[in-house]
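Number of protein chains: 2
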Amino acid sequence: MQRVTPPLSGERFTVVYRFSGNREEAQAKAWDACIEQTVEFPFDLLPEGDIPEKIIGQIESMNPANEDQSSFIARISFAVENAGHDLVQLLNVIFGNTSIKPGVRVEEFDLPDSMINRFRGPRFGREGLRTLLSAPERPLLCTALKPMGLSVQDLADQAYQFALGGIDIIKDDHGLADQVFSPFEERVQRCADAVARANQQTGYHSFYMPSLGLRADQLLEKAHFAKQNGAGGLLVPPGLVGFDSMRMLADDDGLNLPVMLHPAFVGSYVTAPANGFSHYALFGQVARLAGADATIYPNWGGRFSFSKQECISIVAGSQDLMGHLKTIFPTPGGGMTFDRLPEMLEVYGKNVIFLMGGGLHRIANTLVESSRTIREMVENIR
Amino acid sequence: MQRVTPPLSGERFTVVYRFSGNREEAQAKAWDACIEQTVEFPFDLLPEGDIPEKIIGQIESMNPANEDQSSFIARISFAVENAGHDLVQLLNVIFGNTSIKPGVRVEEFDLPDSMINRFRGPRFGREGLRTLLSAPERPLLCTALKPMGLSVQDLADQAYQFALGGIDIIKDDHGLADQVFSPFEERVQRCADAVARANQQTGYHSFYMPSLGLRADQLLEKAHFAKQNGAGGLLVPPGLVGFDSMRMLADDDGLNLPVMLHPAFVGSYVTAPANGFSHYALFGQVARLAGADATIYPNWGGRFSFSKQECISIVAGSQDLMGHLKTIFPTPGGGMTFDRLPEMLEVYGKNVIFLMGGGLHRIANTLVESSRTIREMVENIR
Numbered sequence: 004m005q006r007v008t009p010p011l012s013g014e015r016f017t018v019v020y021r022f023s024g025n026r027e028e029a030q031a032k033a034w035d036a037c038i039e040q041t042v043e044f045p046f047d048l049l050p051e052g053d054i055p056e057k058i059i060g061q062i063e064s065m066n067p068a069n070e071d072q073s074s075f076i077a078r079i080s081f082a083v084e085n086a087g088h089d090l091v092q093l094l095n096v097i098f099g100n101t102s103i104k105p106g107v108r109v110e111e112f113d114l115p116d117s118m119i120n121r122f123r124g125p126r127f128g129r130e131g132l133r134t135l136l137s138a139p140e141r142p143l144l145c146t147a148l149k150p151m152g153l154s155v156q157d158l159a160d161q162a163y164q165f166a167l168g169g170i171d172i173i174k175d176d177h178g179l180a181d182q183v184f185s186p187f188e189e190r191v192q193r194c195a196d197a198v199a200r201a202n203q204q205t206g207y208h209s210f211y212m213p214s215l216g217l218r219a220d221q222l223l224e225k226a227h228f229a230k231q232n233g234a235g236g237l238l239v240p241p242g243l244v245g246f247d248s249m250r251m252l253a254d255d256d257g258l259n260l261p262v263m264l265h266p267a268f269v270g271s272y273v274t275a276p277a278n279g280f281s282h283y284a285l286f287g288q289v290a291r292l293a294g295a296d297a298t299i300y301p302n303w304g305g306r307f308s309f310s311k312q313e314c315i316s317i318v319a320g321s322q323d324l325m326g327h328l329k330t331i332f333p334t335p336g337g338g339m340t341f342d343r344l345p346e347m348l349e350v351y352g353k354n355v356i357f358l359m360g361g362g363l364h365r366i367a368n369t370l371v372e373s374s375r376t377i378r379e380m381v382e383n384i385r
Numbered sequence: 004m005q006r007v008t009p010p011l012s013g014e015r016f017t018v019v020y021r022f023s024g025n026r027e028e029a030q031a032k033a034w035d036a037c038i039e040q041t042v043e044f045p046f047d048l049l050p051e052g053d054i055p056e057k058i059i060g061q062i063e064s065m066n067p068a069n070e071d072q073s074s075f076i077a078r079i080s081f082a083v084e085n086a087g088h089d090l091v092q093l094l095n096v097i098f099g100n101t102s103i104k105p106g107v108r109v110e111e112f113d114l115p116d117s118m119i120n121r122f123r124g125p126r127f128g129r130e131g132l133r134t135l136l137s138a139p140e141r142p143l144l145c146t147a148l149k150p151m152g153l154s155v156q157d158l159a160d161q162a163y164q165f166a167l168g169g170i171d172i173i174k175d176d177h178g179l180a181d182q183v184f185s186p187f188e189e190r191v192q193r194c195a196d197a198v199a200r201a202n203q204q205t206g207y208h209s210f211y212m213p214s215l216g217l218r219a220d221q222l223l224e225k226a227h228f229a230k231q232n233g234a235g236g237l238l239v240p241p242g243l244v245g246f247d248s249m250r251m252l253a254d255d256d257g258l259n260l261p262v263m264l265h266p267a268f269v270g271s272y273v274t275a276p277a278n279g280f281s282h283y284a285l286f287g288q289v290a291r292l293a294g295a296d297a298t299i300y301p302n303w304g305g306r307f308s309f310s311k312q313e314c315i316s317i318v319a320g321s322q323d324l325m326g327h328l329k330t331i332f333p334t335p336g337g338g339m340t341f342d343r344l345p346e347m348l349e350v351y352g353k354n355v356i357f358l359m360g361g362g363l364h365r366i367a368n369t370l371v372e373s374s375r376t377i378r379e380m381v382e383n384i385r
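Line order of the protein sequences matches chains A and B.
Numbering of the first sequence is given in the numbering used here, commencing with residue 4 and proceeding in unit increments.
Numbering of the second sequence is given in the numbering used here, commencing with residue 4 and proceeding in unit increments.
In isolation and in its complexed conformation, chain A is listed as follows:
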């Protein structure tokens, strides 16, 4: 009888998977995940004791996901010790090797407080962001500096005009990196300055948020450069830099800045309906564990294909109880236009950040006017 050392606590966390196939196929896939996500070893060769009894996953329940019984929802529990102490290994246990198998989707997961307490989670969350922006109730506004190819001067001019018009968060388009047209350091300095200048005129608290789609060995250094030069937040694409790099930036007390998740390069986790993650789990639960204060995703009816239902599930993921983790802002974007706002308000209510990029260039004759129009609109919502 082989026991693991030190003894296991007995606490377990649960992952809810959807397995494609009839009951028999789904059952086989679920059992496979119990092994694949833990010991990756022939069951009959495991040493007796804790490893087959506690370390491998356990199927807690299994029910049809739909009437035609073409897929099944299984709750599988794992020993908390399997997930180590960090987000990387937690994601590895949730979906590491299983990501390579077709017909498995992570619908949601449920962590005991002992695990969640290891994560700081969103530093600001909804309330913290509202305080920073002196906007206790209304929807917040975000836009992106673009298009790629503009000079730093042009981007800083845009930033100034957006801020003058009252856009709260003026972020780099995620395609702005460290390119010859607008090198990172110069862009950060000029854009942050431009927003600060506008704030002095308006009395608003807008801030500039650079995009951190940057080299792994420069990420922390450049984030600190941004902080020191007036950036008010960080746009982070975890698909490109890693979810735990986002967590690292959010956790950094020297930075102490809000973090916004950008979905570049994570689409493959959600585009195929039978594989990957649910929108709820990825843009809600994982985003919060990784410290995002706001989670960007493409709104329904824009340039992308998320359904209204999927967007609503992201809202749920952004606010459902997860231990002490703060609620965060759903930030729908991706081809939004002014005339969509009433419909979006109806669905999202006021706890939302409206991200309007190109669409903001069409509302009025100047960016300042366009920004003012949308700012007035959200201020007058009751």
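If you're looking for bench data, these hints aren't it; they were derived computationally from the structure.
Do not take every clue at face value.
Since the list gives no way to pick one copy over another, a pair counts as held whenever it fits inside one copy or between any two copies.
Claimed, not checked - Calculated lysine to aspartate or glutamate pairs in the DMTMM-like style (CA-CA distance at most 20 angstroms, straight line):
{"hint": "1", "residue 1": "K311", "residue 2": "D220"}
{"hint": "2", "residue 1": "K230", "residue 2": "D220"}
{"hint": "3", "residue 1": "K311", "residue 2": "E346"}
{"hint": "4", "residue 1": "K225", "residue 2": "E346"}
Quick caveat, the model's predicted, so the values are computed rather than measured.
Following the hints, complete the assembly by docking chain B onto the known chain A.
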């Protein structure tokens, strides 16, 4: 007429995408990618000049991918300047926002030397690994320490036996992280010592390769700890830690260690046939840009679903000309058994690393004997 500053070089790189749909739909998707992957801005609002003429993607060709014309292959070129200076932004231009759109797959990409020269790529490659292991011709052997839950002592004993039997690369199972059963530092020291002890007896050059599925803020520090304590290589899961973190580790002159890619958490990029990346691009081209010397993937006919054809395409991606980048080792695993080796040899030839985990526990009565059996087998191939 707005020109970008400094002037664009005129050099372009090409991404070959497969777009699902009939010709009209595919054409619309291709045009959409030209915009989405660059300016993300309404075309009619772009300032005249370089941005619409050179910065946005250009469709160079478009042809049916198959006889029924249900998908199309488009070559889209982008200005080299769009991709900045690093892997993060290159991946962003190749597939950032487009990852969120269904029915788009990256088949391959083609970079001019001016871009490839910015990447060191695999530090060792096939030849370098062969030199390290004093194995100029034969297939190399790799196994994994497992199952999760064993103590450091048990894992180190396994490592010793594998090395004594002549397995070249003894890696952590990717599920071993920094858990209570086998804390990272202690495991690395003991396993590296065990392999060194065996090498003294055998005269072989086997090495231990810890898994670096670790926190972003500890990755580099723990990699150096591993190096200082006798690790001979690094197992890196780029899906969990980011492709550029792998590149950072491979580029580190203080580490100077071979890097092996583990596919945990990248599966979603390849499991849906109409989305994500081709196996060729992800496990071949991207792996090499990110500095992998060996690329692990599940062999056909094991626990996973890759086809023989897809495995063969990974071999092509591991060795096709990519400027100065070294060729790397395809490392098929995922449920391999001794009796599969002849069939695998026929397909892979000698330029392969056979990764056998659980299967190695079944060949003979002891791990030493099992390892010897497979070592003799590969040494006697002509």
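Legend entry - Those earlier numbered hints the structure runs against, lowest number first: 1 and 4
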